[in-house]
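Relying on the hints, combine the two individually framed chains into one complex.
Chains as they are written, first to last, in the numbering used here: chain A, 17 to 148; chain B, 94 to 244.
Because the hints were derived from the structure by calculation, they are not lab data. Because the structure is a prediction, the values reported are computed rather than measured. Among the clues, some could well be false.
What the hints assert, rightly or not - Counterexamples of contact, computed for chain B against chain A with all Cβ distances above 10 Å:
#1 E141
#2 I143
#3 K144
#4 T184
#5 T191
Unchecked claim - Ranges between beta-carbon positions, derived for each pair:
#6 S78(A) - R148(B): 44 to 52 Å
#7 G75(A) - K144(B): 34 to 42 Å
#8 S78(A) - Y166(B): 31 to 39 Å
#9 G75(A) - Y166(B): 22 to 30 Å
Claimed, not checked - To give an idea of the chain B side of the interface with chain A (calculated C-beta under 7 Å), a few residues:
#10 Y106
#11 R108
#12 F110
#13 A112
#14 H129
#15 F130
#16 P133
#17 A134
#18 I208
Glycine included, C-beta positions come from ideal geometry on N, C-alpha and C.
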Amino acid sequence: MTVAVDRLDATFTALADPTRRAIVARLARGDATVNELAAPFDMTLPGISKHLKVLERCGLISRTRRAQFRPCHLEGDVLDTALSWIEENRRVWKERFDKLDEHLRDLRRAPSPRRKGSNQAGRFTRKGGADG
Amino acid sequence: MADRTPDTGELTYTRVFDAPRALVFRCMLEPEHLTHFWGPAGVSTPLETIKVDARPGGVFETVMVNDSDGSRYPTRAVYVEIVAPERIVWTEPDSGVTTTSTFRDLGGERTELQIRQANAPAGYRSPEARAGFATSLDRFAAYLEKLGGSR
Chain A
17 MTVAVDRLDA TFTALADPTR RAIVARLARG DATVNELAAP FDMTLPGISK
67 HLKVLERCGL ISRTRRAQFR PCHLEGDVLD TALSWIEENR RVWKERFDKL
117 DEHLRDLRRA PSPRRKGSNQ AGRFTRKGGA DG
Chain B
94 MADRTPDTGE LTYTRVFDAP RALVFRCMLE PEHLTHFWGP AGVSTPLETI
144 KVDARPGGVF ETVMVNDSDG SRYPTRAVYV EIVAPERIVW TEPDSGVTTT
194 STFRDLGGER TELQIRQANA PAGYRSPEAR AGFATSLDRF AAYLEKLGGS
244 R
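In isolation and in its complexed conformation, chain B is listed as follows (with noise of 0.2 Å):
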């Protein structure tokens, strides 16, 4: 059972992978790996922009580019926790989002991967913030849109 902490305003994703949990691991801290799948749809992260310095305090950057207009994202994270094969943390300095990846061995060769981030953005770390949050705040965003708008 993962640890289910009281927690506040949390966005949370899971997908299960077909693959082992140590390949799962390795794909979310390999430059090699990260290359392949770091941006998402239409934009690309270069290899040689990520920087993987995979221990605690160690930088985790990347630019994500856009593949129609050549924008360019820089992403900076510094890990702060690496626990293989079970869990990656790091936090972005800049806005003081934490994202901790969760790798969770279903058997069979297949892997849940849970993403989770707190602090995003700093409101979420005010005590009023952490008291309030009984379901996950992404999935009241999703009601909402279900409901067809919010005007």
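Bound conformation, chain A alone (with noise of 0.2 Å):
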């Protein structure tokens, strides 16, 4: 489970801004130039170049060298390989609560016909280390 890790922290360290997942965003809908990336942000196309490094350096994105447009390509393989991480992880605990979901059901028919002081379930076999 543990994928090329040096590259997947990479990613999501340059994830880690809300500017560049918003220009990723924009990005998964097709290449665009700087200034279009600009356009929705309150900021310096300086200052759009810079998250544009990060995202480049880490492989998320790539520019080609045409004139000045220089329009920026979301290279899917990389992105997809942070996401599949958060997705499996995603997954795994939707369907635990949806175990759990059915688990508790369960519980609840079997043992008592109905809540009101429902205080079985109040008792701890184990107790809590709740100070340290």
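See the structure below:
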């Protein structure tokens, strides 16, 4: 489950910034120039460029050297590696929750017919170390 | 109000259960309960593979077994904090991921369980990562997913 962790680290670090995430989201819809990317933000072009450099360094985006336009392109594979880690994690917890829900239903169906003074649920077999 | 630290690259999963808080709390801590739900769909977690030493520094280990091909996925964590019936924190030494389960009593025997995962993966620990996160990363992922693939 540990896939190219260094690269993943760099990707997550790059994605840690909301502006960069917004840029990535925009590029997921198609290539765009720096000007186009800057438009929705209250930010100078150099400001945007700085973010683009971070994204470029970790391989999330690439830029073609085409005159002054240099459209940015999202490298889907790099993003996918990061996203699949998140997706996998989310799926696991969703399915755990589903199963837990079912388990709780079973528990509540089985022993006492219905709530009210359901204090069998209030007892702990283990104590927590409340103050460490 | 739950604490709202200006947090970072956390992943957050929340679900409301129709059960009293004390019971939901026990489910997350006791092997006899964990065995029923710890493995995601198609994956079992046999009772005898679950080790819970419920105190700070104690182990939390499981082996998840794929129902179809029998492949095994061991998990290894150490409890950091256990406050019944409010909070359980464990950390996975291998990955550095710290998971916090928070149990909130909603009244009427309903309980909100929130799972927060921090430091996932290690890059989250960088100051840069800490500074930047405004919205949760998993919601961002979901958003991108909705866009129809990032290719």
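Hints versus structure:
Here E141(B) stays apart from chain A, with its beta-carbon at least about 18 Å from theirs, past the 10 Å limit. Distance check for I143(B) against chain A: the nearest CB is about 14 Å away, which clears 10 Å, and the non-interface claim stands. Every Cβ of chain A is farther than 10 Å from the Cβ of K144(B); the closest lies at roughly 13 Å, confirming the non-interface assignment. For T184(B), the condition that its CB be more than 10 Å from all CB atoms of chain A holds, with the nearest at approximately 14 Å.
Chain A leaves T191(B) outside its interface by the beta-carbon criterion, the shortest separation being 13 Å against a cut-off of 10 Å. The supplied range of 44 to 52 Å is met by S78(A) and R148(B), whose beta-carbon atoms lie about 50 Å from each other. The supplied range of 34 to 42 Å is met by G75(A) and K144(B), whose beta-carbon atoms lie about 40 Å from each other. In this structure, S78(A) and Y166(B) meet the distance hint of 31 to 39 Å, their C-beta atoms being roughly 35 Å apart.
For the pair G75(A) and Y166(B), the beta carbons lie near 29 Å from each other, so the given range of 22 to 30 Å is met. At about 4 Å, the closest approach between the beta carbon of Y106(B) and any beta carbon in chain A falls short of 7 Å, and the interface hint on this residue holds. The closest approach between the C-beta of R108(B) and any C-beta of chain A is roughly 4 Å, which is under the 7 Å cut-off, so the hint is satisfied. Hint status for F110(B): holds, given a least beta-carbon distance of 6 Å to chain A, under 7 Å.
Of the supplied interface hints, the one on A112(B) holds, with its beta-carbon coming within about 4 Å of a beta-carbon of chain A, less than 7 Å. At a threshold of 7 Å, the smallest CB-CB gap from H129(B) to chain A is about 4 Å, leaving the interface hint in force. For F130(B), the interface hint holds, the least distance from its beta-carbon to any beta-carbon of chain A being 3 Å, beneath 7 Å. Because the smallest distance between the Cβ of P133(B) and any Cβ of chain A comes to about 4 Å, under 7 Å, the interface hint for this residue holds.
The criterion of a C-beta within 7 Å of any C-beta in chain A is met by A134(B), whose closest approach is roughly 5 Å, and the hint holds. At about 6 Å, the closest approach between the beta carbon of I208(B) and any beta carbon in chain A falls short of 7 Å, and the interface hint on this residue holds.
Going down the numbered hints, you'll see the structure goes against none, and every one checks out.
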